[in-house]
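Undergrad: Here the protein sequences line up with chains A and B, keeping their order.
Following the numbering used here, the numbering of the first sequence begins with 246 at its first residue and continues without gaps.
Following the numbering used here, the numbering of the second sequence begins with 52 at its first residue and continues without gaps.
Please keep in mind that the hints were generated in silico from the structure rather than gathered at the bench.
C-beta atoms are modelled at their ideal positions from N, C-alpha and C, and glycine is treated no differently.
Incorrect hints may appear among the rest.
To be verified - Below, computed lysine-lysine pairings styled on DSS-like, alpha-carbon distance capped at 25 Å:
id	chain 1	residue 1	chain 2	residue 2
1	B	Lys-233	B	Lys-427
2	B	Lys-196	B	Lys-290
3	B	Lys-233	B	Lys-191
4	A	Lys-374	B	Lys-453
5	A	Lys-374	B	Lys-458
6	B	Lys-191	B	Lys-309
What the hints assert, rightly or not - Just some of the chain B residues that point at chain A, by a computed CB distance under 10 Å:
id	residue
7	Arg-227
8	Lys-233
9	Leu-379
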Amino acid sequence: MNTNEQTYLCYHRRHLLGIEGLTPEEITILLNRSETHVQQNRQANKKKSVLNGRTIINLFFEDSTRTRTSFELAGKRLGGDVINMSVSTSSVKKGETLIDTAMTLNAMHPDVLVVRHPQSGAVSLLSEKVNCAVINGGDGAHEHPTQALLDALTIRRRLGHLSGLVIAICGDVLHSRVARSNIHLLNTMGARVRLIAPVTLIPSGIEHLGVEVFHNMDEGLKDVDIVMMLRLQRERMQGNFFPSIREYFNFFGLDEAKLANAKDNALIMHPGPMNRGVEIDSDLADDFGRSVIREQVEMGVAVRMACLEILTENLDQSEGSNL
Amino acid sequence: MATTNNSTLHTLYINARLIDPATGRDEIGGILCDGKVISDIGPHLNDGKPRANSQIINCKGHCLVPGLVDMRAHLGEPGEEHKETLETAGRSAVAGGVTTIVCLPNTEPAIDDMSVLEFVARRARKLGLSKVYPYGAVSKKLEGKEIAELGMLSEAGAVAFTDGFKTISDIQLMLRALSYAKTFDLLIVQHPENCGLSKNGVMNSGETATRLGLGGIPRYAEIIMVERDIRLVEMSGGKIHFAHLSTSDAIDCVRKAKARGLPVTCDTAPPYFALNELAVGDYRTFAKLSPPLRKEEDRQAVIEGLKDGTIDVIASDHTPQDEESKRLPFSEAAAGGVGLETLLPITLELYHNGHMKLIEALNLITHRPAQLLGLKAGKLEIGRRADITILDPERGWKVEDKTLKSKSKNSPFDGRPVQGCAIQTIVDGRLVFQAEG
């Protein structure tokens with residue numbers, strides 16, 4: 246276990262704010278640790294006690310069910326105390342600023358803050374004002390690191406590796422933090438990333454992030470190993486990015502015919518929640534042979550357990566050094 | 052006048068490097084101030100003879116230049132006194148060597164009416180720091196709907212007309228404003244930004260914005276508005292000045308319009324030739340400006356525009372924002388940076404980096420803006436008011452919270468080591484700022 250101990254020490258960061266800038270080793274460490282929790286989560290007794298005495302606050306400035314539940318479960322399974330705060334409904338409405346909220350919570354001595362915020366950069370701003378570890382649970386259109394990690398874990402478990410794979414990310418890239426985190430992670434791990442979307446949903450300059458851009462599903466899906474569909478974030482769209490759902494599904498929705506361009510055993514992924522019949526055909530979403538959408542949800546809990554565990558280990562060290 | 056002989060202050064400044072961009076003068080000499088006005092100037096004043104009951108100030112070889120003229124600053128009063136007042140802005144200005152400020156009408160209430168204009172002018176006169184000349188609003192309440200009383204505002208002292216940091220978007224209104232302004236030979240100043248294109252954007256569109264997940268403002272928002280307004284100038288016969296150009300193509304449009312003899316001028320602000328979009332870095336809200344910081348190629352094009360004279364003026368674009376407006380997620384933070392105290396050193400970077408001569412750099416912040424707006428300022432001339440700055444173009448300092456006099460500290464140059472500062476600032480013959488050390 247000695248070698249393992251050493252690799253564990255390699256994720257030295259205080260926070261997990263994004264995938265951009267992480268090294269392949271750091272990503273591997275997070276994935277390896279996640280792997281250990283997958284088995285544990287399938288047992289009857291899922292509970293561990295490594296986070297005993299630790300307080301985790303889920304601070305969500307934006308509605309979320311899955312991510313919040315996933316973090317909550319992850320924290321509880323490790324024995325921590327988890328508190329959920331939906332700020333959109335409380336103090337922000339009373340005029341409190343993000344930084345005031347951060348300072349208030351900080352005074353209660355949480356160990357980990359999991360933060361989701363509708364504005365890009367808000368989580369890193371908040372992280373500068375608190376003493377605890379911060380996990381980015383999604384900020385604006387910037388990053389959603391645990392989603393990218395769970396996607397990578399899902400792929401790695403199915404196909405054994407990430408490097409050399411060709412992955413198509415399809416749909417609303419413009420508004421997607423999931424796409425950005427995945428682009429960074431997959432590129433860092435040596436996979437090749439394609440983006441497929443109408444021109445209106447491709448943010449300018451994205452090709453500089455090391456991706457190939459396609460505007461045609463048949464061409465973009467040619468021989469890919471993974472098809473990653475994104476949710477159309479209609480709640481974030483200001484103005485018309487495409488004329489109708491019918492037209493969008495016709496050209497960019499995933500169906501059997503378009504999928505036929507991909508490799509025979511290509512996997513279908515979706516970060517959820519799905520808009521059936523908008524970006525993905527309902528039958529494909531439920532095709533257990535190819536769709537790994539439910540597995541992604543399962544991996545989510547394991548990944549979040551690993552992140553909570555590693556970040557609190559880092560806290561242990563800094564607390565130890567203070568003594 | 053009741054004030055005679057001994058109360059009239061005579062001051063003789065000697066051992067100065069006199070630099071007057073208006074006349075091309077660059078020589079060692081002195082200047083004699085008789086009360087509020089300049090009464091003599093030249094190398095002969097360096098002869099060591101004392102002039103009648105005058106106090107002598109030895110400039111020790113430092114540059115003596117016309118007080119800086121800043122043709123674009125937002126001063127906050129009335130309405131936003133928590134960000135800046137005329138007094139704090141005045142102290143900031145004189146610390147930066149600026150003796151004349153032209154202020155934007157984006158106050159609350161707006162400067163769209165003679166009474167507000169006179170309030171600002173009177174308050175500033177009473178303070179006796181930098182001289183303040185207001186712009187008048189083009190549209191009533193800056194709403195972009197109806198033309199304000201341009202003629203009467205002009206008689207009351209408005210030096211030109213603009214809706215400040217709001218674009219005059221409505222094409223019919225802009226055409227009418229240009230035509231109507233021609234009646235009185237007035238200048239319209241535009242913040243060129245197509246709001247349809249810039250909507251939801253918070254920084255320059257492109258790789259950095261995409262990486263940070265921030266909404267982009269395309270360069271075309273500026274280019275299209277400049278192109279449109281040049282056509283309207285052609286159509287109306289009016290004259291226009293574009294504020295703070297930031298893109299190579301917009302500068303090129305102005306270059307071509309000038310070549311065609313159209314009455315089109317423009318300025319830029321220090322951030323646009325000293326910084327690029329990378330300054331936004333990890334969501335630095337102090338680098339959130341309007342227009343946004345652009346790509347490196349655009350920054351270089353701005354320098355080219357300054358060198359070849361396409362860009363007439365450098366203005367500070369001083370926009371004070373308090374902490375509460377800046378300590379927010381990037382998208383929610385207010386745009387703009389303070390600039391009165393960095394106008395001089397950042398402009399001097401053009402000289403230090405070998406892009407132009409010292410006198411040429413100074414021209415852009417003294418004589419040119421005064422000439423463009425018809426102000427009696429920016430020139431060392433016998434009989435003129437003694438608005439003078441003595442500066443050391445080499446002295447190094449660092450832009451920091453504690454060095455800035457402005458009430459707000461939101462400088463995009465925060466932390467930057469710079470060269471060049473005012474040693475003494477003189478307004479109407481009175482010393483209003485003296486640097487420490």
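Undergrad: Does the nearest C-beta of chain A fall within a distance shorter than 10 Å of the C-beta of B/Leu-379?
TA: It holds, given that the least Cβ distance between B/Leu-379 and chain A is near 7 Å, below 10 Å.
Undergrad: Quickly compare the C-alpha distance for A/Lys-374 and B/Lys-458 to 25 Å and report which way the hint goes.
TA: Status holds; Cα separation ~24 Å.
Undergrad: Go through the hint on B/Lys-233 and say holds or violated, using the shortest Cβ distance to chain A against 10 Å.
TA: This interface hint is violated because 37 Å lies over the 10 Å limit.
Undergrad: Does B/Lys-309 lie within 25 Å of B/Lys-191 when you go C-alpha to C-alpha?
TA: Judged against 25 Å, a Cα distance of about 30 Å means the pair is violated.
Undergrad: Within a Cα-Cα threshold of 25 Å, do B/Lys-233 and B/Lys-427 meet the stated pairing?
TA: Distance ~22 Å between B/Lys-233 and B/Lys-427 Cα, so the pair holds.
Undergrad: For the pair supplied as a hint, B/Lys-196 and B/Lys-290, is the alpha-carbon distance within the 25 Å limit?
TA: Holds - the C-alpha atoms of B/Lys-290 and B/Lys-196 are around 20 Å apart, at most 25 Å.
Undergrad: Mind checking the alpha carbons of B/Lys-233 and B/Lys-191 for me, to see if they're no more than 25 Å apart?
TA: With Cα atoms ~18 Å apart, B/Lys-233 and B/Lys-191 stay inside 25 Å; holds.
Undergrad: Does the nearest C-beta of chain A fall within a distance shorter than 10 Å of the C-beta of B/Arg-227?
TA: violated, 29 Å
Undergrad: Is the straight-line distance between the alpha-carbon of A/Lys-374 and that of B/Lys-453 25 Å or less?
TA: Answer holds: A/Lys-374 to B/Lys-453 is near 22 Å, not above 25 Å.
Consistency note: the structure conflicts with the earlier hints numbered 6, 7, 8.
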